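Colleague: Make a model of the complete structure from these sequences and hints.
If you're matching them up, the sequences are chains A and B in order.
Going by numbering that gives the first Met the number 0, the first sequence opens with residue 0, and the numbers climb by one from there.
Going by numbering that gives the first Met the number 0, the second sequence opens with residue 0, and the numbers climb by one from there.
Among the hints, erroneous ones may be present.
Pairs of lysine-lysine, DSS-like flavour, derived with a Cα cap of 30 angstroms [as the list claims (entries may be wrong)]:
id: 1; chain 1: B; residue 1: 32; chain 2: A; residue 2: 153
id: 2; chain 1: B; residue 1: 32; chain 2: A; residue 2: 142
id: 3; chain 1: B; residue 1: 32; chain 2: A; residue 2: 25
id: 4; chain 1: B; residue 1: 86; chain 2: A; residue 2: 43
id: 5; chain 1: A; residue 1: 25; chain 2: B; residue 2: 185
id: 6; chain 1: B; residue 1: 87; chain 2: B; residue 2: 15
id: 7; chain 1: A; residue 1: 138; chain 2: B; residue 2: 146
These are computed hints drawn from the structure, not numbers from a lab.
What you are looking at is a predicted structure, and each value in this text was computed from that prediction instead of being measured.
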Amino acid sequence: MATINIANSKGRDAVVGSQSVLKPVKVRWLDEKGRQVQSSRLMKSDLAHDVAALEAKAGGRERISKLLVEGDPEIDMETFGAMLKDTSRVFVDPEGKIVHKVKQFEVVKNPDGTERKRTPRKVSTPNTDTETPLKWSGKLMKKKDVYNKFVFAKKRQIVHVNGLTYDFLFNMAKELEESGNLLLMGSGPKSNEPLVLTRGGQKYRGFLEGRTQGDKYCLILHLSNLELKAAPVEVK
Amino acid sequence: MTPAVPFGFNLPTMAKPLVLSFKGADIPFALSKVERSDLYGFVEIETLDERGRKCTLATLADDGRSVIASGGTALATLSAEGSWVEKKTLVPTDNQGNRITPCASSYAAPCPLEKTVTIEEYLSHDVRAVYQLSSETDFGPLLAELKKGTIFNFPYSFRGGLEPDAGFVLLAADGTPFFAVGSPTKLEFVGFDQSAGIAEEDEGGGEEEDSMDFGMM
Chain A
0 MATINIANSK GRDAVVGSQS VLKPVKVRWL DEKGRQVQSS RLMKSDLAHD
50 VAALEAKAGG RERISKLLVE GDPEIDMETF GAMLKDTSRV FVDPEGKIVH
100 KVKQFEVVKN PDGTERKRTP RKVSTPNTDT ETPLKWSGKL MKKKDVYNKF
150 VFAKKRQIVH VNGLTYDFLF NMAKELEESG NLLLMGSGPK SNEPLVLTRG
200 GQKYRGFLEG RTQGDKYCLI LHLSNLELKA APVEVK
Chain B
0 MTPAVPFGFN LPTMAKPLVL SFKGADIPFA LSKVERSDLY GFVEIETLDE
50 RGRKCTLATL ADDGRSVIAS GGTALATLSA EGSWVEKKTL VPTDNQGNRI
100 TPCASSYAAP CPLEKTVTIE EYLSHDVRAV YQLSSETDFG PLLAELKKGT
150 IFNFPYSFRG GLEPDAGFVL LAADGTPFFA VGSPTKLEFV GFDQSAGIAE
200 EDEGGGEEED SMDFGMM
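Modeller: This is the structure:
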């Protein structure tokens with residue numbers, strides 16, 4: 000289970016659990032004998048047999064049909080239909096050859112598709128479980144004012160890992176529940192930088208919500224990277 | 000009152016309207032998806048080789064020589080013995096082995112807006128997509144209800160299928176009616192005795208305004 004380093008309103012911090020809340024897939028497919036079937040990924044075609052390869056082989060796109068009539072140049076009987084298991088992701092050049100050394104750039108584009116900025120790519124690093132805890136930002140927002148301002152695409156449930164952190168998190172949830180607020184969570188000294196949960200992963204704003212039920216609690220870190228608002232009009 | 004900035008007409012709309020039924024009136028809505036790129040622009044990762052030519056991602060098969068481009072693989076369904084099975088011969092069931100009855104597409108018939116949910120219930124879902132709602136039919140009564148903060152909920156399925164998503168109709172803070180599509184989560188209340196490590200990972204104005212800048216991401 001992932002962990003998160005988080006501080007409360009008194010500045011006390013602890014490393015606690017951060018678990019996925021995705022529901023497992025419920026559907027199972029059974030065959031006629033009531034046995035569960037399985038899915039497998041198969042090879043359908045490769046670059047050595049695609050249109051570009053056939054064009055080069057035939058000496059022109061218009062001659063491909065002749066090749067197809069004469070034989071099966073688009074099929075490799077040995078490999079097509081084979082199960083794919085331990086595959087790797089690779090970069091290929093325009094000729095379809097594997098490239099071993101690449102340079103990557105981040106090209107920022109405006110909503111209309113025009114280029115705004117180009118910089119060498121920086122892979123984002125996770126920042127929710129570092130030595131520096133995520134601070135209690137103190138930026139509290141009423142739940143009823145927030146739910147329709149942002150799109151909450153993901154969430155993590157924050158859970159205790161021992162007796163001490165149970166008290167720590169329960170009190171945090173209680174404090175948030177009683178105030179009816181969500182706490183804005185961010186990284187950095189001012190808590191104003193986005194949260195990154197995985198290497199190279201999406202950047203999110205965090206909103207911490209607390210719920211309690213007797214001596215039980217539910218502390219939820221809502222993650223959002225989109226405001227819920229109308230898209231601006233394209234000016235032509 | 001005319002809004003200072005009109006919205007939505009530049010977005011691609013879905014062809015078939017989603018008909019919502021509210022207090023006996025069927026209202027056809029056009030849905031326009033709103034994504035990050037519509038609001039903030041977007042970032043493209045450009046990969047170049049040493050000669051400055053654009054590279055694309057592909058899959059290298061386990062034979063170490065077959066390079067497969069996008070679309071070069073297929074998913075097959077295999078029996079317990081590893082034989083090919085036609086999907087249409089299979090029976091969808093739940094975890095207890097009970098047959099699941101497929102649901103119809105939400106575009107096949109009007110979707111009644113009867114059930115409402117609380118903010119907490121709405122927040123307990125992961126929202127996957129949001130669509131601006133617009134209609135040529137007057138939907139004043141529905142808008143008035145949404146302005147009270149009501150969130151309507153109904154099972155939603157685009158094509159029809161086994162597990163419908165959760166559909167929500169709500170009013171955004173800027174006054175735009177939205178349709179949100181989400182999935183329920185397995186949030187649970189935990190007590191002192193419930194240890195962590197329940198689930199395995201499966202993944203994949205001023206200072207205030209500065210901290211809320213979604214465009215910088």
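Colleague: State for each hint whether it applies.
Modeller: Here is what the structure says about each hint:
1. Among the hinted pairs, residue 32(B) with residue 153(A) is consistent with the structure: their alpha-carbon atoms are about 18 angstroms apart, no more than 30 angstroms.
2. The hinted pair formed by residue 32(B) and residue 142(A) meets the criterion: a straight-line CA distance of about 25 angstroms does not exceed 30 angstroms.
3. Proximity of residue 32(B) to residue 25(A) is assessed by CA-CA distance (about 27 angstroms); at most 30 angstroms being required, the pair is judged to hold.
4. Simply put, residue 86(B) and residue 43(A) have alpha-carbon atoms about 18 angstroms apart, close enough for the 30 angstroms limit, and the pair holds.
5. Proposed proximity of residue 25(A) and residue 185(B) is supported: the alpha carbons are some 13 angstroms apart, at most 30 angstroms.
6. Restraint check for residue 87(B) and residue 15(B): satisfied, since their Cα atoms lie roughly 27 angstroms apart, inside the 30 angstroms limit.
7. With a C-alpha separation of about 26 angstroms, the suggested pair residue 138(A) and residue 146(B) falls inside the 30 angstroms cut-off, and the hint holds.
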